[in-house]
Structure formats: C-alpha cells, structure tokens
Amino acid sequence: MSQIGLNHFLVVSSILFGLGIFGIVTRKNAVMVLMGVELVLNSANINFIAFAKFGNFGYQGQVMALFVIILAAAEAAIALAIVLNIYKTFSNVNVDEIDTLKD
Amino acid sequence: MATYDVIFYLFAAITLLSAFFVVTTKNIVYAAFSLLFTFFGVAGIYVLLGADFIAVVQLVVYVGGILILLIFGVMLTNRITSVQMKTGTLQIVPAVIGVALFIGAMLAALIKTSWKNFNAELPVATTHSIGLLLIQQYAVVFELLGIILLIALVGAASMARK
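Sequence lines, in order, name chains A and B.
Per the numbering used here, residue 1 is the first one in the first sequence, and the count goes up by one each step.
Per the numbering used here, residue 1001 is the first one in the second sequence, and the count goes up by one each step.
Just so you know, not all the hints are guaranteed correct.
[Said to hold, decoys possible] Cross-link-like lysine to aspartate or glutamate pairs, in silico, DMTMM-like; alpha carbons within 20 Å at most:
id, chain 1, residue 1, chain 2, residue 2
1, B, 1026, A, 97
2, B, 1026, A, 96
3, A, 28, A, 97
4, A, 28, A, 96
5, A, 88, A, 99
6, A, 28, A, 99
Think of the hints as simulated: they come from the structure by calculation, not from any bench.
Since the structure is predicted, the reported quantities are computational estimates derived from the model, not experimental observations.
Turn these sequences into a full structure, and let the hints steer you where they fit.
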C-alpha cells in the first residue's frame, strides 16, 4: 500500500467530513456553522470524484460533483440572506441564543 | 510515482490542517481565510484525481464566490469597530468524543471494505466529456439546476434587502 490508491482519498475525505461535523455542532456563530457545511460538501465531492476515477464510472461522478458545487452556491446565498435577516432581528447570530420560538 | 505520492500528501496535509484550523480558531476572519487554503487543497486533490474541470470550477465558485459571500456575511453581522470578531464554542467534549467515534467507525468501515479498484488510466482532458454528458444524459437536471440557482439568488437578494 505504498502507492496512493482509493483508500487514501477516502481517508482524507472522511476526516474532512468529521471536521465539518465538528464545526457544525460546536460553533456558536451561524456563519461558522455554514463553513462547517461547506467542509462537509467538499468531503462528499472528494468521494464522488475518487469513486469516479477508481470505480470505472466514466465521468458521471464528476458531473455529480459539479451539481453539488452548484447547489452549494445556492445554499450559501440563501443561508447568508437568512443570517442577515436574523442579525437584523436579534442583533446577533449566535445559534444558541436565537431561541425565541422556544418557550 | 514518488512525485505523485509527495504531492498527494502535501495537498492532503494542507487540506486537513487548514480545515482543523477552521473549526478550532476563535477568530472568524482567520477561519474564513483558512477555509481558502482548504478549498485550494481540495482543488489540488481533484487535479490528482484527474478532474481538471471540476478543480477549476472549485476554484472559481468556492474561492471566488462562496468564500466572498461568507466573508461578507462575517463583516455584515459583526461589529468591526468594537472588535467582536470572535465566536464562542459550545459542547466541545461531547462533540470531540462523538466525532472521534464517527471518524473511527468510518475509517474502519472503509479500510475493511475491499473496494473494486480499477487501475486508473492516464488523465485526459475531461471538459469535452462532461459537456457532452451535461447536454445529453443530464440535460433536464442541468436546466433544473439553472432554474434553482436563479430562484435561489433572486430569493436571497429579495430576502436580504427587505
């Protein structure tokens, strides 16, 4: 296993996924939570492209990765608009303090 | 193949170290700039996997678009004058335990699995093939994604300026 194979890329992507989840669950600031989401999406993309290369699927995995990138752009735009509205309403974006709906 | 291995480890180290910095630093601006290096590292990994077009799209969309949006979000939702660019963290210990268990389970699963491993051929330019797939097999998905992106951006603009 000295040569770089599929497993190496999968290890990198799973560690990246774990770091993204860690960022999502521990950060207070909503923008930081979004950064965690971006890390998770990137790790999924690495998996798509690694399997596209090593699994003999042609270019379909790369097209899926392209779709993921497009959806990530849409998600980031919508999420930041929501964060701006939250900031206007509550004057902060800490996800643990915005609990007005909670009793 | 020694050069390939060295470059892979270099990009993997850049990606993982800067991602670790993103999720651990207290300063939001440092985290945003560290995310830049994560995206660059991931783009390098795409190149090593023979996906040149996706790597360029990653640079253009993530570094040029999403990261700028995130930095705008940081700047618009923090009082820069009063140096409030910090973020707090909560529930570190359960998160560390949970994530460590999760990563361990995933690594164990993927190392024990015997993946089908085709010996990949030399990388070729992928743009032509991806373009053909996008206008033939995935034409409907492609158009729908265009509509989704348009609606999302119009919706985001109208939501943010209200």
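Evaluation of the provided hints:
1. 1026(B) x 97(A): 18 Å, holds
2. 1026(B) x 96(A): 16 Å, holds
3. 28(A) x 97(A): Holds, at about 9 Å.
4. 28(A) x 96(A): This hinted pair holds, its Cα atoms lying about 6 Å apart.
5. 88(A) x 99(A): Holds: residue 88(A) and residue 99(A) sit about 15 Å apart, inside 20 Å.
6. 28(A) x 99(A): OK: residue 28(A) and residue 99(A) at ~13 Å, within 20 Å.
Going through the hint list in order, the structure satisfies each hint without exception.
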